[in-house]
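Novice: The residues making up each chain are set out below.
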Amino acid sequence: MSQSAPAVAIRHLTKTYRRGGQVVPVLEDISFDIDSGDFVALMGPSGSGKSTLLNLIAGIDRPDSGELRVADVDIMQLDEAGLADWRARNVGFIFQFYNLMPVLTALENVELPLLLTGLAARDRRERVEVALGMVGLADRMTHYPSELSGGQQQRVAIARAVITDPTILVADEPTGDLDRASADDILALMDRLNGELGKTIIMVTHDPHAAQRARRIRHLEKGLLTE
Amino acid sequence: MYLLKLILRNALRHKLRTLLTVLGLLVAILSFGLLQTVVDAWYTGANSAAPDRLVTRSAVSLVVPLPVHYRDKIRGLDGVRSVASANWFAGVYQEPKNFFPQFAIDPVPYLAMYPEYRIHPDQLRDFMRDRKGAVVGRKLADTYGFKLGDVVPLKGTIFAGNWEFVVRAIYEGATPKTDTSQFFFHWEYLNETVRSRAPQRANQVGVFVVQVSDVSRAAEISATIDAQFRNSPAETLTETEKAFQIGFIKQTEAIVIAIRIVSFVVIFIILAVMANTMAMTARERVGENATLKALGFGPGFLGGLIYGESLTIAFTGAGLGVLLTFPVADWFGAKMGTLFPVFAVSMETVWLQFACALVVGVAAAVVPAWRAARVRIVEGLRAVG
Numbered sequence: 001m002s003q004s005a006p007a008v009a010i011r012h013l014t015k016t017y018r019r020g021g022q023v024v025p026v027l028e029d030i031s032f033d034i035d036s037g038d039f040v041a042l043m044g045p046s047g048s049g050k051s052t053l054l055n056l057i058a059g060i061d062r063p064d065s066g067e068l069r070v071a072d073v074d075i076m077q078l079d080e081a082g083l084a085d086w087r088a089r090n091v092g093f094i095f096q097f098y099n100l101m102p103v104l105t106a107l108e109n110v111e112l113p114l115l116l117t118g119l120a121a122r123d124r125r126e127r128v129e130v131a132l133g134m135v136g137l138a139d140r141m142t143h144y145p146s147e148l149s150g151g152q153q154q155r156v157a158i159a160r161a162v163i164t165d166p167t168i169l170v171a172d173e174p175t176g177d178l179d180r181a182s183a184d185d186i187l188a189l190m191d192r193l194n195g196e197l198g199k200t201i202i203m204v205t206h207d208p209h210a211a212q213r214a215r216r217i218r219h220l221e222k223g224l225l226t227e
Numbered sequence: 001m002y003l004l005k006l007i008l009r010n011a012l013r014h015k016l017r018t019l020l021t022v023l024g025l026l027v028a029i030l031s032f033g034l035l036q037t038v039v040d041a042w043y044t045g046a047n048s049a050a051p052d053r054l055v056t057r058s059a060v061s062l063v064v065p066l067p068v069h070y071r072d073k074i075r076g077l078d079g080v081r082s083v084a085s086a087n088w089f090a091g092v093y094q095e096p097k098n099f100f101p102q103f104a105i106d107p108v109p110y111l112a113m114y115p116e117y118r119i120h121p122d123q124l125r126d127f128m129r130d131r132k133g134a135v136v137g138r139k140l141a142d143t144y145g146f147k148l149g150d151v152v153p154l155k156g157t158i159f160a161g162n163w164e165f166v167v168r169a170i171y172e173g174a175t176p177k178t179d180t181s182q183f184f185f186h187w188e189y190l191n192e193t194v195r196s197r198a199p200q201r202a203n204q205v206g207v208f209v210v211q212v213s214d215v216s217r218a219a220e221i222s223a224t225i226d227a228q229f230r231n232s233p234a235e236t237l238t239e240t241e242k243a244f245q246i247g248f249i250k251q252t253e254a255i256v257i258a259i260r261i262v263s264f265v266v267i268f269i270i271l272a273v274m275a276n277t278m279a280m281t282a283r284e285r286v287g288e289n290a291t292l293k294a295l296g297f298g299p300g301f302l303g304g305l306i307y308g309e310s311l312t313i314a315f316t317g318a319g320l321g322v323l324l325t326f327p328v329a330d331w332f333g334a335k336m337g338t339l340f341p342v343f344a345v346s347m348e349t350v351w352l353q354f355a356c357a358l359v360v361g362v363a364a365a366v367v368p369a370w371r372a373a374r375v376r377i378v379e380g381l382r383a384v385g
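The listed protein sequences correspond, in order, to chains A and B. Every letter in the first sequence is one number past the one before it in our numbering, and letter 185, counting from 1, is 185. Every letter in the second sequence is one number past the one before it in our numbering, and letter 289, counting from 1, is 289.
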């Protein structure tokens, strides 16, 4: 990636869904850049297309038209296998409901993305311990998700998201399932990831309190970028 | 290692469901093994037949006897090494339900033709010296508690009257598959007794067992024997010992086919149960599969998890089923007494049991694995929460 290239470059992006034979526009002619190291909050009412936009940026959905470059890669040109490989190296996911594997411990959950890297088991373990220590769960490594609070589970999910040192972190309502105190902890952690480690974060939220943590806020309404 | 751990933990996620599925597989594989062993037991005679042994019987029917003087004519034919006469006796020991095969034989040539019947030389000598002597198989002796020197009374059915034999030898099988449920005695004793009771039935033989010197000439020698007696009052039909035994089995072939069908129906039923288990598994994990896919895992990994889990459950049930097959078959074989001369689980049956487990494990996972591999990430993630 060249130094001047933004982390995410979006040009004239459109996306429609078909519902009962009817074409429903979800995103219309979206264009904007996200700089490397930025922390962007995507806001908007339900159905505005913010999660769809996040999914497109994360490479888990495909647009109908437009251009989408992430880390200077035109991800629209990648086939399914290429896209999966690209996601494994470039995207860290933080989900609203944490999406941890219930049968794996915190340590094993964080280790999961590293299986795709070819690292030796010992090296994986070392990395995981560092990541879990960073999110303050060094003493919970052997706990299963069901033995952790919602906030702790989300911290495990964040450790899993950063373990491969991805280009961007995408977070879809990361505090949507948490109480205020836990949400603040998670937002503070994301703030640290952005401020101290320079991680590029794109967060979907409709919580203004959460959005305040971002450096920039982009609003969507009925599939259009309004600011 | 990590993948194995994940597969095992996934398999144990719903312990009761997995336990019940494993239990179902155990019962199915055990039943399959036992039914296959019953079929094997049916074919024991045919499978233990030697290629150099022929059986000559009446061309009209097995129940029509042949003149004993045929023995010398057959013995004189080119390529014939040895001939022994044998009569089916069909006596009743105490009660009709106590069935075991009894044959009146020419002991010297007959026992020489069956080296798989192992007899201690001292016992063989005692048997040869006693015209009322009998040789009994180990399984038969154990079933009825026959010991050397015991007198065994049999009530004749084909050869009327009460008969008494003295156990002079107990033969062991050369292999576990050797039939040791038989009872042999001197054909001369039978013939002498018949001559005194019903002279018109004397000097008759049920079948001749013919040993050939060259197995490759068995068909030719069979034809020569039958040609020898063509257009005589007692024409013969000569076939290999195996064909002769299969001829018996064919009379009850419908039962064997039914048993085979039932054994595979049992497997099909457990396949349906297993497929249902795996379908529920895949349905419950749509969100997890979508998450794994989002993280960059490909369809092969997701399919592998489902196949791995399905095969783990299938082989756990099958392994336990196979382990249980041996003691249950021993118990069943003992309960059946001499009805099944040999009731032993063969390695072929064990391989078939594991092959069934493999088929069940793979077939049950095909659709769930395909669905897991094809899950659309965005739709799958909506299932979480």
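For the record, the hints were derived by calculation from the structure and aren't laboratory data. Given the structure is predicted, the values throughout are model-derived calculations rather than measurements. Glycine is no exception: its CB is placed at the ideal position from the N, C-alpha and C atoms. Some hints here could point you the wrong way.
[Said to hold, decoys possible] Across the chosen pairs, the derived CB separations fall in these ranges:
| no. | chain 1 | residue 1 | chain 2 | residue 2 | range |
| --- | --- | --- | --- | --- | --- |
| 1 | B | Val273 | A | Gly118 | 26 to 32 Å |
| 2 | B | Ser346 | A | Ala120 | 42 to 48 Å |
| 3 | B | Val366 | A | Glu67 | 36 to 42 Å |
| 4 | A | Pro208 | B | Leu23 | 21 to 27 Å |
| 5 | B | Val367 | A | Ala120 | 32 to 38 Å |
| 6 | A | Pro25 | B | Val366 | 35 to 41 Å |
| 7 | A | Asp165 | B | Pro327 | 53 to 59 Å |
| 8 | A | Asp85 | B | Pro327 | 38 to 44 Å |
| 9 | B | Arg13 | A | Arg180 | 28 to 34 Å |
| 10 | B | Leu12 | A | Ala181 | 32 to 38 Å |
| 11 | A | Ala120 | B | Arg13 | 25 to 31 Å |
[What the hints assert, rightly or not] Per the computed footprint, the stretches of chain B lying under chain A, defined by three or more beta-carbons under 8 Å from a beta-carbon of chain A, are:
| no. | stretch |
| --- | --- |
| 12 | 206-217 |
| 13 | 375-382 |
Novice: Each of the hints needs a verdict: does it hold here or not?
Specialist: To see whether the hints hold, each was checked on the structure:
no., hint, result
1, B:Val273 x A:Gly118: 26 to 32 Å, "violated, 39 Å"
2, B:Ser346 x A:Ala120: 42 to 48 Å, "holds, 46 Å"
3, B:Val366 x A:Glu67: 36 to 42 Å, "holds, 40 Å"
4, A:Pro208 x B:Leu23: 21 to 27 Å, "violated, 55 Å"
5, B:Val367 x A:Ala120: 32 to 38 Å, "holds, 36 Å"
6, A:Pro25 x B:Val366: 35 to 41 Å, "holds, 38 Å"
7, A:Asp165 x B:Pro327: 53 to 59 Å, "holds, 57 Å"
8, A:Asp85 x B:Pro327: 38 to 44 Å, "violated, 52 Å"
9, B:Arg13 x A:Arg180: 28 to 34 Å, "holds, 33 Å"
10, B:Leu12 x A:Ala181: 32 to 38 Å, "holds, 35 Å"
11, A:Ala120 x B:Arg13: 25 to 31 Å, "holds, 28 Å"
12, 206-217, "violated (count 0)"
13, 375-382, "holds (count 3)"
Violated hints, in rising order: 1, 4, 8 and 12; the structure is consistent with all others.
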